[in-house]
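Q: Here is how the chains run, residue by residue.
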Amino acid sequence: MSRQPLRAVAALRGLETDRVPVAPLLGAVSARLAGIDVCDAYRDVALQTRAQAAAVDAFEPDLIFPFMDLTAEPEALGARVSWRPGSGPEVCGMLQPEQLLMALERCEVHGARLPVYSQVVGALSQSVGHTCAVGAYVSGPWTLVSSALGLAGAARLMRRDPDMAGRLAQLAAGFARELAREAVDAGAVVIMILEPCVAGGILSPADFGTVVRPGILQLAQSIRRYGAEPVLHVCGDTGPVLSGLADLGGLALSVDHPTPLGRVLEAAGPDTPIMGNLDPVNTLMRGTPEQVTAACRGCLPAAAGSKRFILATGCEVPLLSPPETLRAMCRSVVESPSL
Amino acid sequence: MPDTQDAHSHLAQAIITGDEAAGIAMSRELLSAGEPATDIVATMAAAMTQLGARFQRNEVFLPDIIVAADAFEQVMALVDPHLRAQGAVSASRGRVALGVVAGDIHDIGKSIVKIMLEAAGFAVLDLGNDVPATRFVEAAGDADILGISALMSTTMPVMEEVVTLLEQARLRESTKVLVGGAPVSADFARAIGADGYGADAVEGVKLARSWMGEGAQ
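Heads up: the protein sequence lines correspond to chains A and B, in order.
If you're matching positions, the first sequence starts at 1 in the numbering used here and goes up one per residue.
If you're matching positions, the second sequence starts at 1 in the numbering used here and goes up one per residue.
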């Protein structure tokens with residue numbers, strides 16, 4: 001007899017759930033709350049696992065990931081990363097397109113800190129995976145290209161050498177596919193494709209459609225084939241690319257507070273799973289527990305038309321968020337099961 | 001050769017489409033025809049302003065801004081000696097030191113502001129993320145404007161600290177302070193004594209331009 005999937009996975013598959021699943025995208029904040037050095041936790045499997053497992057115990061979310069870290073893949077591909085005490089890593093030495101091309105062609109997915117993340121997934125699956133779905137992040141094609149070349153370098157390439165831009169995006173999707181496969185092998189049941197670098201006026205709908213969309217579609221298809229649920233996460237204002245995001249064959253969308261849930265529903269339809277869209281900074285970090293509860297309940301009218309909704313933060317929970325607001329967010333779905 | 005008005009129009013079009021070769025060719029023709037270098041710069045500046053407005057309306061996107069800025073920069077390299085000969089000493093519109101007071105993965109906004117400022121002809125010193133107040137003040141010695149971004153409300157007090165330290169260092173009068181970022185507001189900017197608040201990259205650039213005596217267009 002097959003086991004009932006966990007609540008977040010069930011919602012993504014369109015199955016009946018007893019309540020709306022909740023997923024604050026917990027990251028380095030878990031280390032801070034557990035009294036673990038943030039930089040150490042980014043690099044150490046045991047520390048990161050301990051931080052995230054403690055957060056699962058404390059807040060009881062329905063979905064947990066390792067830390068969101070857009071520098072691990074560029075670093076593994078040859079970019080330089082710097083560290084500041086008490087904060088996260090930052091890419092400080094960008095690559096040239098030719099360097100990135102060669103690195104992506106090698107498709108070495110075990111470089112630098114990448115193994116930390118698949119091992120954290122494996123350890124979390126063992127420790128909390130029976131009650132909380134464990135996911136993994138991979139950078140989306142254009143976000144990986146932008147992280148490695150720099151936002152300006154990638155944007156320049158898009159106009160000056162669109163063939164190269166397309167080639168890099170395609171290879172980046174292949175790189176993400178290999179990372180996703182490793183994560184699923186380690187126990188991930190959800191793979192979130194992080195693609196913030198297509199929003200906020202960065203790419204035109206046409207650029208998105210021709211350069212980024214094919215890679216995302218293939219990546220999502222592969223993730224399903226590996227047996228996990230793909231979710232595309234685009235934080236910030238999706239603006240002009242929203243219709244393109246909604247036209248990805250029903251791929252689940254995770255959106256941020258500048259993108260109203262109602263607009264996503266209207267564009268993507270009720271069968272597309274949607275995650276979102278609490279404001280991480282102004283609600284989770286700056287708000288009171290009462291304001292967080294009210295914001296969660298405010299999602300009701302907007303999400304009412306969705307059959308597959310997960311209450312989530314619009315992006316990773318800020319480092320300095322207090323535990324009280326995180327608890328309020330996770331409690332809100334228990335106290336109002338249907339929102 | 002097209003008449004002067006046409007040439008200016010073609011130059012503007014070359015900038016807008018990021019056609020460096022056409023921009024340089026048209027500028028050479030204008031200089032040969034005796035057009036003042038300042039007029040050439042004014043034409044390019046107007047083209048960049050037009051592009052900025054179209055960016056705000058989602059009619060053009062970051063790659064378009066980047067290639068236009070590249071073309072602008074190439075033509076400026078050609079025109080710069082003529083500007084100097086005319087007595088227009090500084091080829092750049094002004095110097096901006098830009099940084100985030102504390103970082104997370106969301107420094108895309110700061111990167112866009114940097115690109116838009118450079119596209120508008122400013123010389124930008126990127127201080128990066130997690131920049132302490134003292135570093136901003138050090139940079140103020142070489143900048144007309146400090147652009148300070150905060151991504152988290154808990155780090156917003158650093159902005160006020162910068163203003164206080166500028167006063168103590170007697171640099172406040174000579175340095176404009178421009179603040180922005182997700183949790184920042186115009187009210188907050190006024191409360192801490194900043195000179196202005198940019199709700200987005202285009203607004204920030206408009207303010208910076210107005211401070212440099214050009215007036216926001």
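Hints were generated in silico from the structure; no laboratory data involved.
Careful: at least some of the hints might be erroneous.
Residues on chain A that point at chain B, a partial pick, calculated with CB under 10 Å [to be verified]:
# : residue
1 : Gly153
2 : Ala154
3 : Pro196
4 : Leu203
5 : Pro205
6 : Gly209
7 : Pro260
8 : Gly262
9 : Arg286
According to the in silico footprint, chain B covers these stretches of chain A (three or more CB under 8 Å from chain B) [to be verified]:
#  : region
10 : 106–120
11 : 157–167
In this text, a Cβ means the ideal position worked out from N, Cα and C, and glycines have one as well.
Q: Tell me the hint numbers this structure goes against, listed in increasing order.
A: Those not satisfied are hints 6, 7, 8, 10.
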